[in-house]
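> Note that the protein sequences, when read in sequence, are chains A and B. For the first sequence, numbering that gives the first Met the number 0 assigns the number 0 to the initial residue and increments by one for each residue that follows. For the second sequence, numbering that gives the first Met the number 0 assigns the number 0 to the initial residue and increments by one for each residue that follows.
Everything labelled a hint here was simulated from the structure, so no lab data went into it. There may be inaccurate statements among the hints.
[As the list claims (entries may be wrong)] So these bits of chain A aren't anywhere near chain B, every CB distance computed over 10 Å:
hint, residue
1, P2
2, F12
3, Q34
4, G64
5, P75
6, L111
7, A130
8, I131
9, P132
10, W135
11, L210
12, V215
13, K222
14, G242
15, V288
16, A292
[Stated by the list, open to error] Restraint-style ranges between C-beta atoms, simulated for each label pair:
hint, chain 1, residue 1, chain 2, residue 2, range
17, B, R122, A, L55, 26 to 34 Å
18, A, L81, B, S156, 50 to 58 Å
19, A, V167, B, D58, 44 to 52 Å
20, A, S166, B, S156, 51 to 59 Å
21, B, R193, A, R211, 22 to 30 Å
22, B, R122, A, H63, 50 to 58 Å
For glycine and all other residues, C-beta sits at the position ideal for the given N, C-alpha and C.
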Amino acid sequence: MVPVLVLVSILTFALLYILPGDPAVAMLGENAGNQQTYLALRHDLGLDQPLYQQYLSWLGRILHGDLGHSIRTSEPVSAVLLARVPVTLYLGTAGLLVGLLLGLSVAIVSALRPGTAFDSIGAVLAMGGVAIPSFWQALLLVYVFGVLLRWLPPSGFTSPLDDPWLSVRGMIMPAIVLGTHSAAVIMRQGRSALMEVLEQDYVTTARAKGLRDRSVVARHALKNAMIPIITVIGLQVGSLVSGAAITETVFAIPGVGRAAVDAIFFRDYPVLQGAVVILTLSVLIANLVTDVAYAYVDPRVRFS
Amino acid sequence: MSRAIAATPEALAIPRIGLVLRRVRTSPFFETRLAGAGLAITAVVVVCALAAPIIAPYDPNEQDYLAITDPPSAAHVLGTDDLGRDVLSRIIFGSRVSLEVGLIAVGLAISIGVSLGLSAGYRGGLADDILMRIVDAVQAFPNLILALAITAALGPSVANAMLAIGFVATPGIARLTRGQTLSVREREYVSAARACGATPVQIMRRHIWPNVTAPIVVQATLLMGTAIVTEAALSFLGVGVQPPTPSWGAMLRTGSQYLEVAPWIGLTSGAAIFATVLAFNFVGDGLRRAMDPRLASRKRQ
Numbered sequence: 000m001v002p003v004l005v006l007v008s009i010l011t012f013a014l015l016y017i018l019p020g021d022p023a024v025a026m027l028g029e030n031a032g033n034q035q036t037y038l039a040l041r042h043d044l045g046l047d048q049p050l051y052q053q054y055l056s057w058l059g060r061i062l063h064g065d066l067g068h069s070i071r072t073s074e075p076v077s078a079v080l081l082a083r084v085p086v087t088l089y090l091g092t093a094g095l096l097v098g099l100l101l102g103l104s105v106a107i108v109s110a111l112r113p114g115t116a117f118d119s120i121g122a123v124l125a126m127g128g129v130a131i132p133s134f135w136q137a138l139l140l141v142y143v144f145g146v147l148l149r150w151l152p153p154s155g156f157t158s159p160l161d162d163p164w165l166s167v168r169g170m171i172m173p174a175i176v177l178g179t180h181s182a183a184v185i186m187r188q189g190r191s192a193l194m195e196v197l198e199q200d201y202v203t204t205a206r207a208k209g210l211r212d213r214s215v216v217a218r219h220a221l222k223n224a225m226i227p228i229i230t231v232i233g234l235q236v237g238s239l240v241s242g243a244a245i246t247e248t249v250f251a252i253p254g255v256g257r258a259a260v261d262a263i264f265f266r267d268y269p270v271l272q273g274a275v276v277i278l279t280l281s282v283l284i285a286n287l288v289t290d291v292a293y294a295y296v297d298p299r300v301r302f303s
Numbered sequence: 000m001s002r003a004i005a006a007t008p009e010a011l012a013i014p015r016i017g018l019v020l021r022r023v024r025t026s027p028f029f030e031t032r033l034a035g036a037g038l039a040i041t042a043v044v045v046v047c048a049l050a051a052p053i054i055a056p057y058d059p060n061e062q063d064y065l066a067i068t069d070p071p072s073a074a075h076v077l078g079t080d081d082l083g084r085d086v087l088s089r090i091i092f093g094s095r096v097s098l099e100v101g102l103i104a105v106g107l108a109i110s111i112g113v114s115l116g117l118s119a120g121y122r123g124g125l126a127d128d129i130l131m132r133i134v135d136a137v138q139a140f141p142n143l144i145l146a147l148a149i150t151a152a153l154g155p156s157v158a159n160a161m162l163a164i165g166f167v168a169t170p171g172i173a174r175l176t177r178g179q180t181l182s183v184r185e186r187e188y189v190s191a192a193r194a195c196g197a198t199p200v201q202i203m204r205r206h207i208w209p210n211v212t213a214p215i216v217v218q219a220t221l222l223m224g225t226a227i228v229t230e231a232a233l234s235f236l237g238v239g240v241q242p243p244t245p246s247w248g249a250m251l252r253t254g255s256q257y258l259e260v261a262p263w264i265g266l267t268s269g270a271a272i273f274a275t276v277l278a279f280n281f282v283g284d285g286l287r288r289a290m291d292p293r294l295a296s297r298k299r300q
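Start from the sequences, fold in the hints, and give me the full structure.
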């Protein structure tokens with residue numbers, strides 16, 4: 000974990016380093032013509048130091064929560080992005096919820112009735128769900144439910160604190176768009192994991208002692224099929240984070256992903272870099288949570 | 000002597016292809032039909048890309064100011080866009096960029112990923128450890144965010160989008176190749192080749208590579224779909240293909256702005272992306288089933 004973290008930080012730093020434009024020039028704007036102020040600012044920013052020293056001081060600042068200042072608004076990047084984290088968390092949780100509910104329920108029914116029409120339809124849906132470009136799916140949904148039927152707001156974000164009902168209505172389409180890919184992957188993985196478990200002797204025993212399908216699945220099969228399913232959910236966090244950038248852009252939701260996309264167009268590289276740091280960190284945390292979840296589901300897993 | 004042994008993998012490869020073909024034929028109707036549909040759609044896209052100037056009814060950049068955001072009609076089967084350009088012609092020409100980016104990005108990922116994975120897996124030791132840590136680090140980044148940041152850093156263009164997509168896909172290929180190599184390098188024929196004095200490069204190229212290709216071919220097919228979707232996403236967000244080059248992702252970007260007045264722009268170009276990606280996934284799944292004896296036998300039972 001630690002060497003990976005160090006490498007991730009080096010890669011992120013390198014990304015800043017190859018970004019076009021001199022930060023000092025960007026900050027000075029029209030005054031950039033003055034050589035003396037330019038050199039002074041470069042010195043203040045530490046840009047005249049050797050690369051490894053720049054990296055170390057950058058790392059030190061990041062670890063203290065200092066992500067620099069936005070070139071566009073000169074606000075601290077950490078403040079700008081932290082205000083957006085709850086929005087992305089809200090969207091991400093809603094998306095994961097859609098993925099889990101849809102994915103697991105179809106997986107369970109498909110695994111219990113393999114070869115039926117439902118199973119085939121599920122398989123086709125899973126294939127479609129993996130392949131559908133989220134931005135096109137978003138457009139389709141907005142066109143049908145936002146433009147034609149006018150059932151749901153086509154875009155925009157309302158905080159659940161201001162108007163919970165409107166907030167939930169506004170989150171329905173983004174959550175579906177974000178969760179579709181995860182639902183499809185969970186569906187596939189869940190079905191095969193469950194089918195494998197359903198062939199085990201203890202499931203036969205459970206059936207033989209007269210338990211209903213429901214309790215066989217809920218109490219015996221699902222828990223043992225959970226390890227590969229949790230792995231796949233953990234891996235989904237990365238794609239959810241990527242998906243959030245697109246979903247937030249399409250639906251005009253002011254989250255971290257949207258901030259990253261906007262930052263590219265305003266050439267606001269500190270914000271872009273800060274967003275990359277926060278989003279990557281969230282994936283790493285999710286991986287850690289996944290590992291801990293293994294131990295929770297499977298008592299045989301112990302951390303030494 | 001070493002030449003005779005070096006020839007064995009190729010000799011083995013011939014019956015294996017026959018076996019693969021037989022499995023394709025004996026695999027269930029449903030699966031084969033999906034793979035067949037995938038191949039058919041892929042063929043249509045390839046023909047569109049190659050023969051775009053012949054098939055397309057209009058020049059993709061020709062602007063008709065009297066037909067701005069015209070709905071689908073006999074003259075313009077899929078309507079026109081905000082600049083009066085024929086949507087169908089732009090979709091046909093758009094297949095070029097998609098396939099180009101897909102092929103080059105995947106080619107890049109395969110050539111770098113396979114060489115890294117082969118040498119790390121074969122040699123092991125410190126080089127392997129270092130490579131795998133780098134792979135872990137790159138894979139820790141959310142794919143699209145990393146591709147977005149790299150494209151932004153290098154400057155928005157098709158070439159940079161290809162580079163970014165290829166770079167993001169490389170670790171996955173390296174990891175897959177390494178895993179396959181680890182299991183193959185312990186085989187007797189590799190020891191035999193080594194005993195005959197074959198150099199590590201010869202062993203990797205002639206003995207290991209032919210025996211690890213199957214899963215990599217499957218992965219490459221699936222990656223084509225991912226690469227095409229990522230290019231479309233980058234173009235949709237504005238950092239991929241730049242106007243006026245016709246591209247499905249860029250058309251979707253326009254389509255999202257004109258959704259209320261001209262829904263056909265976004266809906267049709269998105270359908271093209273969806274169909275193409277689905278096709279590559281179908282072909283990839285078909286190949287996987289055909290090449291993986293475990294899956295094939297389980298299905299036949």
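> Can you name, in rising order, the numbers of the hints this structure does not satisfy?
1, 7, 8, 9, 10, 14, 18, 20, 21 and 22
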